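These protein sequences, in sequence, are chains U and G. Here my numbering is used: the first residue of the first sequence is 33, the next is one more, and so on. Here my numbering is used: the first residue of the second sequence is 33, the next is one more, and so on.
If you're looking for bench data, these hints aren't it; they were derived computationally from the structure. Any given hint could turn out to be false.
A pair holds if it fits inside one copy or across any two, identical chains being indistinguishable in the list.
Stated by the list, open to error - In silico DSSO-like pairs for lysine-lysine, Cα to Cα no more than 30 Å straight-line:
(1) K191 with K237
(2) K344 with K414
(3) K412 with K344
(4) K175 with K395
(5) K175 with K344
(6) K175 with K416
(7) K414 with K175
Note that the structure is a prediction, hence the values are computed from the model and not measured.
Number of protein chains: 2
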Amino acid sequence: MTENKNNYCVIMAGGVGSRFWPYSRADKPKQFLDFFGTGRSLLQMTVDRFRPLVPIENVFIVTNVAYKELILEQVPDLVEGQILCEPARRNTAPCIAYATSHIRAICLRKAGLTAANQDWSRPEMQVNIVVAASDHLILEEDKFRDTIRKAFDFVSKHKAIATLGMTPTRPETGYGYIQFIRDESNEMEHLNPKDIYPVKTFTEKPNLEMAKVFLESGDFLWNSGIFIWNLQTISEAFRYLLPEVADRFREGELLMGTDEEEAFIEQIFPKCPNISIDYGIMEKADNVFVLPSSFGWSDLGTWGSLYELSEKDTSLNVSLHSNALFYDARGNVVTLEPGKLAVVQGVDDMIIAEQKGVLLVCKKAEEQRIKQFVADAQEKFKGKFN
Amino acid sequence: MTENKNNYCVIMAGGVGSRFWPYSRADKPKQFLDFFGTGRSLLQMTVDRFRPLVPIENVFIVTNVAYKELILEQVPDLVEGQILCEPARRNTAPCIAYATSHIRAICLRKAGLTAANQDWSRPEMQVNIVVAASDHLILEEDKFRDTIRKAFDFVSKHKAIATLGMTPTRPETGYGYIQFIRDESNEMEHLNPKDIYPVKTFTEKPNLEMAKVFLESGDFLWNSGIFIWNLQTISEAFRYLLPEVADRFREGELLMGTDEEEAFIEQIFPKCPNISIDYGIMEKADNVFVLPSSFGWSDLGTWGSLYELSEKDTSLNVSLHSNALFYDARGNVVTLEPGKLAVVQGVDDMIIAEQKGVLLVCKKAEEQRIKQFVADAQEKFKGKFN
Chain U
33 MTENKNNYCV
43 IMAGGVGSRF
53 WPYSRADKPK
63 QFLDFFGTGR
73 SLLQMTVDRF
83 RPLVPIENVF
93 IVTNVAYKEL
103 ILEQVPDLVE
113 GQILCEPARR
123 NTAPCIAYAT
133 SHIRAICLRK
143 AGLTAANQDW
153 SRPEMQVNIV
163 VAASDHLILE
173 EDKFRDTIRK
183 AFDFVSKHKA
193 IATLGMTPTR
203 PETGYGYIQF
213 IRDESNEMEH
223 LNPKDIYPVK
233 TFTEKPNLEM
243 AKVFLESGDF
253 LWNSGIFIWN
263 LQTISEAFRY
273 LLPEVADRFR
283 EGELLMGTDE
293 EEAFIEQIFP
303 KCPNISIDYG
313 IMEKADNVFV
323 LPSSFGWSDL
333 GTWGSLYELS
343 EKDTSLNVSL
353 HSNALFYDAR
363 GNVVTLEPGK
373 LAVVQGVDDM
383 IIAEQKGVLL
393 VCKKAEEQRI
403 KQFVADAQEK
413 FKGKFN
Chain G
33 MTENKNNYCV
43 IMAGGVGSRF
53 WPYSRADKPK
63 QFLDFFGTGR
73 SLLQMTVDRF
83 RPLVPIENVF
93 IVTNVAYKEL
103 ILEQVPDLVE
113 GQILCEPARR
123 NTAPCIAYAT
133 SHIRAICLRK
143 AGLTAANQDW
153 SRPEMQVNIV
163 VAASDHLILE
173 EDKFRDTIRK
183 AFDFVSKHKA
193 IATLGMTPTR
203 PETGYGYIQF
213 IRDESNEMEH
223 LNPKDIYPVK
233 TFTEKPNLEM
243 AKVFLESGDF
253 LWNSGIFIWN
263 LQTISEAFRY
273 LLPEVADRFR
283 EGELLMGTDE
293 EEAFIEQIFP
303 KCPNISIDYG
313 IMEKADNVFV
323 LPSSFGWSDL
333 GTWGSLYELS
343 EKDTSLNVSL
353 HSNALFYDAR
363 GNVVTLEPGK
373 LAVVQGVDDM
383 IIAEQKGVLL
393 VCKKAEEQRI
403 KQFVADAQEK
413 FKGKFN
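Take the sequences, apply the hints, and build the full model.
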């Protein structure tokens, strides 16, 4: 039995999926799609990935209320109380603050404590949390779980905020980077965590030139957005670094898990600032550590990344879920509704995607414009093709 | 009342529509589609076009048995006996021979004559026939009918095979051409048919250079495939110029219009040579005349011709039956199933067509390859996407 009842998992599943439009749509974004035809959606694969590490009753999914039913359908062993609904989109910091508050209330209740009387020494309060996105791809799941176990062990012993940094394999400009401190003589050396390093800086998505420098240096890792921490550590980090968020949740901490939770969240959540966990906590905290990792990770954030990960024919064309015939065509990625046929002649490096009444034909190199196309279609056709 | 009970109309509707695949399909070829969103299919528009000229009971449609029900559905004032079913595809000469034989049997019966005892002087035998395709476009229908009326009048007075030649407006390489004799002193001058000229030659589709020469000369017209003749004239033409076809039909002439017609046709039709009316009759006959015409005609034989005829946006894109947004895209023709949206970025001069589970993306300039794509899809997917 490798699962530990004091391990919790928070899965962020609130994305609206406009980057893969029209393949992913507002009513069924990316995380709910079976991207690789395996029979499991990205969300289902994410939940399954954590099952050996975290008891299913300790898994919480933060999402928009619109997706609640879909999640309960896709993961039928979750109960309603495990779906935490955001009444507004406020980026990752309020999302994680909500889940943290909800878990803390559970622990306090188990320990017979109140929000005003937190006693972190109580065993019920010794809780580790892993936070991850619902729509990333991880190929080597055993290796992933070994890394998470190591991180759980580390954060249970040290007041550390841990994150996984992916060893870069190419000068990717689509990811943020984490610079870490290799120097063995650093002040945290006494922790002696093998292959766990203090973080020097988080950086935004670089341009290609900068990405090449990052790759060369060996000191930069891709920011995976996977975080591991102890309940006390993250609670204190929010309290000191993001009080404008933390304080709002503390007001009604013991309403969490009761019939009043929803009304409380609807009242305070929209008032939270729109701020990412990276900007609000990670970049400010002085106890952030990174575990350099490589287990075949992708955030599947672009058609380009999906193309890179997919099986290609001899002309480097990718066909997802569809029958396709290619003539004088190279480097295209094609996905239609299941069972359909695409015949593609005379185009290179295009996205050709059709789903629920919308066909997109777009250069892969121009895919950042898709959000604008969705907005234009929304304006012109009154939301008919969202 | 301009219609004349001695005028007959033969509409050829046996095409299988592979050139507009996947928009037109084996189960619903081009002639049955509402190409321009007018609410009427090309076949319906063709029948309607002849209504003021020919009594509806004198309209015969030659087609494949597979389309019989569809035709009766689309043109509900036809009766079953007006749909002549070809048991095999044998090009236009056997098709027209069949319709001619069927009409001749009707006339013989009306006149109380037998096939062996044809008396062309009888009024019931004084019949004019117009033969046309079911899937062409004609924009100026009044002008078209005036031309047909003139041709009917001409062929009822002279033993002439008449055809309409379209005054070319561009050096089109997709049509055959008719060269006519302008010389007013020719031997047919005594006929004094204003704007009706003897034909010198029929030519195959020219290359661009040749097409330009044709256009310059003023002596060449596009071969429309619309024929007008007297029953006696065409009967004799078949008899003398294509006896290998005519003789087969004469064997069972009086079975036409009886319960035995179908069995007879199934027996003899497949034995007919595969030969076009142009090659079998028009090029050999010495009494062929052409009426130079211009009433906005197209054989709609190619996506290119459809594109040319359709309304274009400021970037010269055409969208048929579909909502479409174009970005950095010029000269494309897009058609999806009704109500769908296409977003097209970064491609020029393409055909983008989606229908019943098949999406085609193909350069307009390469559309002649579509037949091969259909064949490939047929082989690979066992006819699933015909």
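How the hints compare with the structure:
1. K191 with K237: within (28 Å within a copy, 83 Å between copies)
2. K344 with K414: For K344 and K414, the Cα distance is within 30 Å only across copies (24 Å; inside one copy 37 Å).
3. K412 with K344: between (36 Å within a copy, 19 Å between copies)
4. K175 with K395: Neither. Shortest intra-copy (35 Å) and inter-copy (47 Å) distances fail the 30 Å Cα cut-off.
5. K175 with K344: For K175 and K344, the Cα distance is within 30 Å only inside one copy (26 Å; across copies 56 Å).
6. K175 with K416: Neither. Shortest intra-copy (43 Å) and inter-copy (43 Å) distances fail the 30 Å Cα cut-off.
7. K414 with K175: neither (46 Å within a copy, 43 Å between copies)
Violation of the numbered hints given earlier is confined to hints 4, 6, 7; the remaining hints are satisfied by the structure.
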